[in-house]
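Q: If you read the protein sequences in the order shown, they are chains A and B. Residue numbers for the first sequence follow my numbering, beginning at 1 and rising by one. Residue numbers for the second sequence follow my numbering, beginning at 1 and rising by one.
I should point out that these hints are in silico values taken from the structure, not numbers from a laboratory. C-beta: ideal position from N, C-alpha, C; glycine also. The reader is advised that the hints may include incorrect statements.
[Said to hold, decoys possible] Incomplete in silico selection of chain A near chain B, CB under 7 Å:
1. G42
2. F90
3. G106
4. P107
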Amino acid sequence: NAGVTQTPKFRILKIGQSMTLQCTQDMNHNYMYWYRQDPGMGLKLIYYSVGAGITDKGEVPNGYNVSRSTTEDFPLRLELAAPSQTSVYFCASSGTGGPYNEQFFGPGTRLTVL
Amino acid sequence: AQSVTQLDSQVPVFEEAPVELRCNYSSSVSVYLFWYVQYPNQGLQLLLKYLSGSTLVKGINGFEAEFNKSQTSFHLRKPSVHISDTAEYFCAVTPVNNAGNMLTFGGGTRLMVKP
């Protein structure tokens, strides 16, 4: 099992550009999440999904969009990149059965917007 | 809503010394509590969790944590640290009735183990 994979690992964007961060999991998990990590701030939830076709906003959704057409994939879209979106982005997944389930994290994407 | 405060942003410690990383939380409902560890340039992985029962929870790599409901704390401890424990540690909570399993994280504590 590869677990949770994310691409790319690094990316530099210019202000106003758009991009998609890819996330794939091979554990057949229904729940998937996108977080951003900023120094000293911990992780903040951007969007989450409880299954294919179902997504919802987290704590910091502005400037981002998501879709979930399959169980495996949960891409995160930045439409108009801004310097405030410079961060490390983590995708995670967990199985069903309750909030006590462990979340499995990908290795992260480091994004810089200049 | 929930909030998590990790009282120390950095904790330097010498190898083989004991360490305690502090975590306090605030919530109007009952919560499950977690500690995750992030090694350099990696994603997070679960260290341990408290769901119910005994308030002392043992995790991987010799770590343990104690849940104190009256003080709303969940401090992480290790009696003797190794260089390889150098990492960032995150405390997190989720309500017990949270169908989406959404975690609220603290700001993290960077543990720096020195030889």
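Q: Run every hint past the structure and note whether it holds.
A: Here is what the structure says about each hint:
For G42 of chain A, the suggested interface contact is upheld, since its CB lies about 4 Å from the closest CB of chain B, less than 7 Å. Because the beta carbon of F90 of chain A sits about 6 Å from the nearest beta carbon in chain B, less than 7 Å, this interface hint is met. For the restraint placing G106 of chain A at the interface with chain B, the shortest Cβ-Cβ distance is roughly 5 Å, inside the 7 Å limit, so the hint holds. Because the closest C-beta pair between P107 of chain A and chain B is about 5 Å apart, less than 7 Å, the hint holds.
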